[in-house]
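All chains should be modelled from the sequences, with the hints used to inform the complete structure.
Line by line, the protein sequences are chains A and B.
This note's numbering numbers the first residue of the first sequence as 1 and each following residue consecutively.
This note's numbering numbers the first residue of the second sequence as 1 and each following residue consecutively.
I should point out that these hints are in silico values taken from the structure, not numbers from a laboratory.
There may be inaccurate statements among the hints.
[Said to hold, decoys possible] What follows is a set of in silico ranges between Cβ atoms, one per label pair, in the way DEER data are often shown:
1) B:K23 - A:D243: 21 to 31 Å
2) B:D35 - A:K235: 53 to 63 Å
3) B:N56 - A:I155: 28 to 38 Å
[As the list claims (entries may be wrong)] Some chain B residues flagged as far from chain A (calculated, every beta-carbon gap over 10 Å):
4) E143
5) E144
6) A198
Cβ atoms here follow ideal geometry from the backbone N, Cα and C, with glycine treated the same way.
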Amino acid sequence: MDLTNLKKRIIPIILINNHQVVTSRNFSDYRVFGNLEQTIEIFNRRDVDEIIMLNISSSKKKEILDLNTLKAMSRNTLMPFSYGGGIKTLRDIEKCLNLGCDKVSLNNIIRSDNKFLYEAVKEFGSQAIIASLDYVIDNDKPFLYDHLTSKKLDIDFDDFIKSVNDKNCGEILITCVNSDGYLNGYNLSILKKYRKIINCPILVNGGCGVPLNMLSAFEEGADACGAGSIFYYTKYAYKDIKDFLKKKKIKIR
Amino acid sequence: MKKICVIDYGINNISSICKALKKINEDYVVVSEKDQIKNFSNIILPGVGSFDSGMNVMKKKGFDISLKKAASKGQFILGICLGMQLLFNKSEESIENINGLNIIKGIVSKIKSDNFNNIHVPHIGWNSIFESNTNDINLLKKEEKKDFYFVNSYYVIPENKDIIKYYFKHGKNYPAIIKDKNVIATQFHPEKSTNGLAILKKFCRF
Numbered sequence: 001m002d003l004t005n006l007k008k009r010i011i012p013i014i015l016i017n018n019h020q021v022v023t024s025r026n027f028s029d030y031r032v033f034g035n036l037e038q039t040i041e042i043f044n045r046r047d048v049d050e051i052i053m054l055n056i057s058s059s060k061k062k063e064i065l066d067l068n069t070l071k072a073m074s075r076n077t078l079m080p081f082s083y084g085g086g087i088k089t090l091r092d093i094e095k096c097l098n099l100g101c102d103k104v105s106l107n108n109i110i111r112s113d114n115k116f117l118y119e120a121v122k123e124f125g126s127q128a129i130i131a132s133l134d135y136v137i138d139n140d141k142p143f144l145y146d147h148l149t150s151k152k153l154d155i156d157f158d159d160f161i162k163s164v165n166d167k168n169c170g171e172i173l174i175t176c177v178n179s180d181g182y183l184n185g186y187n188l189s190i191l192k193k194y195r196k197i198i199n200c201p202i203l204v205n206g207g208c209g210v211p212l213n214m215l216s217a218f219e220e221g222a223d224a225c226g227a228g229s230i231f232y233y234t235k236y237a238y239k240d241i242k243d244f245l246k247k248k249k250i251k252i253r
Numbered sequence: 001m002k003k004i005c006v007i008d009y010g011i012n013n014i015s016s017i018c019k020a021l022k023k024i025n026e027d028y029v030v031v032s033e034k035d036q037i038k039n040f041s042n043i044i045l046p047g048v049g050s051f052d053s054g055m056n057v058m059k060k061k062g063f064d065i066s067l068k069k070a071a072s073k074g075q076f077i078l079g080i081c082l083g084m085q086l087l088f089n090k091s092e093e094s095i096e097n098i099n100g101l102n103i104i105k106g107i108v109s110k111i112k113s114d115n116f117n118n119i120h121v122p123h124i125g126w127n128s129i130f131e132s133n134t135n136d137i138n139l140l141k142k143e144e145k146k147d148f149y150f151v152n153s154y155y156v157i158p159e160n161k162d163i164i165k166y167y168f169k170h171g172k173n174y175p176a177i178i179k180d181k182n183v184i185a186t187q188f189h190p191e192k193s194t195n196g197l198a199i200l201k202k203f204c205r206f
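In structure tokens, the structure reads:
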């Protein structure tokens, strides 16, 4: 018997670089896909489950938050959406939420400031906070990755993901740098390993190329699959993916 | 003449609800002072964040008293998400052990996670709701989609079970919509989807 009717989510992750929508491979090799407003409009029309926007230029240039991007997002859409990129203070989070974001995604700041995640959860509630962890596989082991310096970090991934879970973040977004942009499937062994010890929703990201990749991730306990390139560069439309997963008895909206 | 207001008590994200009301062509006023709400027939109480931060601001601004008065005078109140939970007496989430609005008798408790069965908490995403056998409100047509957007770790336990009109299931069954006379509340966010707009529209017509 099914114990929950909660649906598995398929989340387009929109990467923004200098006000353009881009895709990447291994977190580099950026390719411009198009204009932000149009991209949002397309996903809006497809009635997607949710959207996550990650503004990589605003975190890289250490600019303040790009509020214009957020305004563009929130203007015409009812769908739930999250924003990440350049968030450095609790007031930044407040600004995002006031502009209509349902959640914010935190990445650099939770590594550089040990207390930040705890404080953000305390002030805004865990449901508003996504902890975003990028990792790179080296010798079959995951290492945290810093996209600002493009370097693997000497922080134990195991300890870090557990500490993030203990601080009661709402969800954890794990992105595999090695798989990013190659359309060869998610890293399932990492998902499988951490699914057992993480009790909040896990969003898996990096590498989705065919609907079957999402099926595999859902079967390993992912709550949501994030993806970019599959929507832009393959024949699979959002609805095709959903139809496929429904046929495979995955609970989909 | 229906007059609708949305309570802005500082910590709640009201932009989504305002956008939704615009979409269904309902006139509304955003109020941030406790005395303003007496002029409205339909009051919307949104809310995100924690129970304590919500109640502390409500009390500081005096909304706890004016909302209670509005409820007893028969003005329609719609609580959404944390706005639903604030209507109750107490919440397990409260670290400072503060009382809620005491408009509906009952408490707020935490959803239990169960990794083995894929029950993760917070409960985030689209879940379908289903009718209780005491459902006497016609909020959703049979053919309408029953999936709504939820973002919650806690759920309400009303003393009077008859006020539960719809449930959602996440490990166990939990109240999704309650209605106690002129007070209605949803655990999910009706402002986040087209089928939810139909519920908002009906509330605006009460």
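Structure-based check of all given hints:
1. B:K23 - A:D243: 21 to 31 Å: holds (28 Å)
2. B:D35 - A:K235: 53 to 63 Å: Taking Cβ atoms as reference, B:D35 and A:K235 lie about 60 Å apart, which means the hint holds.
3. B:N56 - A:I155: 28 to 38 Å: Holds: the Cβ-Cβ distance is about 36 Å, inside 28 to 38 Å.
4. E143: holds (16 Å)
5. E144: Per Cβ check, B:E144 is outside 10 Å of chain A; nearest 14 Å; holds.
6. A198: Since the minimum Cβ distance to chain A is about 13 Å, B:A198 lies beyond 10 Å and the statement holds.
Checked against the numbered hints given earlier, this structure breaks none of them.
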